[in-house]
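Student: The chain contents come next:
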Amino acid sequence: MNSEINIMVFGQLAELTGSTSVRVNLPEDTESLKKLLLQQFPVLVNYNFIIAVDKRTITENSNLYEGATIAILPPFSGG
Amino acid sequence: MQNKENIFARYHRQMILNGFGKEGQEKLKLGRVLVVGAGGLGCPALLYLVAAGVGSIGIVDHDMVSLSNLHRQVLYSENDIGHPKVSIAAKKLQMMNEMVSIIPYETKLTVSNCLEFFSNYDIILDGSDNFPTRYLINDACVLTGKPLVYGAVSQYDGQVAVFNVNGGVNYRDLFPTPPKDGEVLNCAESGVLGVLPGIIGSMQANETIKLITGIGESLVNRLYTFNALTMQSYDIQISANPLSALLIPPDVESFNQKDYEWECGIATTDLEIDQKQFDKLLSENITVIDVRNLDETPFITSFDHHKIPLPVLQESFDEISGETIVFICQSGKRSLHAAQMFREWSGSEKNIFSLKGGILNYEPLI
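Residue numbers (our numbering), protein chains in the order written: chain A, 1 to 79; chain B, 1 to 366.
By construction, these hints were calculated from the structure, which means they are not laboratory data.
Note that CB positions come from ideal geometry on N, CA and C, so glycine has one too.
One thing to keep in mind: the hints can contain errors.
Distance ranges between label pairs, derived from CB positions [to be verified]: (1) A:D54 x B:E189: 32 to 38 Å; (2) A:N63 x B:Y234: 20 to 26 Å; (3) A:N63 x B:S302: 27 to 33 Å.
Part of the chain A face toward chain B, derived, beta carbon under 7 Å [claimed, not checked]: (4) N46; (5) T57; (6) P75.
Chain A with its partners taken away, still in its complex shape:
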């Protein structure tokens, strides 16, 4: 019952995770997802990012399910 989920990683965050796509065991919700990511990539603690679930930004803890589309995106300011 260990289903995995794919996370799309954007921008400079991909340098920190080493890949534009990261697989983790399906967490219950976005709060646990953050914890999981921070465990796996402790360097992320210093970075600001948004989580999008099913192509929508989340502003509070949200449940995750098998097959959900997850992306993490950083801010950047270059012009």
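With chain A fixed as given, assemble chain B onto it according to the hints.
Tutor: For chain B alone, coordinates are given in the frame of chain A:
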């Protein structure tokens, strides 16, 4: 030679478009757009806005052209190095289309000149290259009710969005507070592929033209991201974030007092909230932590909270849950210290605040 003022001849190829027509061209002529930043994003955006016949275009920038600009800032030539970007840009753009009114502002956008500039334009295009200016532009757009066409680039990635249309979301709904200074590298530090701002800036021009003419589906409330290496794009819906309204100055007076450079540095001011912001936050799902000693009075009865005295706070960080955490104490000093410690420990993904003035200055709502 054709008469340069022959509108139909000049704009024929877009005027024959279905849905655009003569009406679209007339709307463009009445359009007033302020472009902030005449750099990598501003150059292509300006080129296409001027070519398309947007009636009035302002350009704000305080920079000089330098050699390292030339690989992406396509309005400038080698001869222009050392000269102000706005005057060069205005001169070249005017040669492209003498029917467009181009107004250069050779100055840095600040809280003191921003609202006056904005009042002369209908749409603001953000082609700036730093967070203080981006948050300044965003907040000023919300305050003045102007649509904001946002674009940003880094290395091979670009973002485009249209904010603040008919009360829609803004940049702070996406990223309520600026990243810490040094957390996100700028183009000078991390590099940028020259053609990328060309693509993203052109997309900003496209969104601006769509907003003015009312054609198509704009990127309102959506963040579009593009990667130049993979040619993959991804767009997401932006949900309203309750923190956004709390962090944007509610009126001109508080806007004028904002220090955006400071807010984007390693500042403490972005941790502090006043009573009004705190009361609004209380209606959300937040965690309040009283860091006073257990015997300190007054005891709080008007809202739910946890008591974790400052001396034992650090060892209890694990037990603090929630997305938004507000620390409180008697005067606001210890809580600010607590908020700073907690932010260092938890990183910037949580929203962490300290109640300014503390409990002693807090009057519960009746």
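Student: Less than 7 Å between beta-carbons is the criterion; does P75 of chain A satisfy it with respect to chain B?
Tutor: holds (5 Å)
Student: Looking only at beta-carbon atoms, does the pair N63 of chain A, Y234 of chain B fall within the given range of 20 to 26 Å?
Tutor: holds (22 Å)
Student: When you take the CB atoms of N63 of chain A and S302 of chain B, is the distance between them in 27 to 33 Å?
Tutor: Roughly 32 Å apart at Cβ, these two residues keep to the hinted range, so it holds.
Student: Please verify that hint: N46 of chain A, Cβ, nearest Cβ of chain B, below 7 Å or not.
Tutor: Interface hint status for N46 of chain A: holds (6 Å vs cutoff 7 Å).
Student: T57 of chain A was flagged as interface toward chain B. Is the shortest Cβ-Cβ separation under 7 Å?
Tutor: holds (5 Å)
Student: Is the gap between the beta carbons of D54 of chain A and E189 of chain B within 32 to 38 Å?
Tutor: Holds, at about 34 Å.
Comparing the model with each earlier hint shows no violations; every hint is respected.
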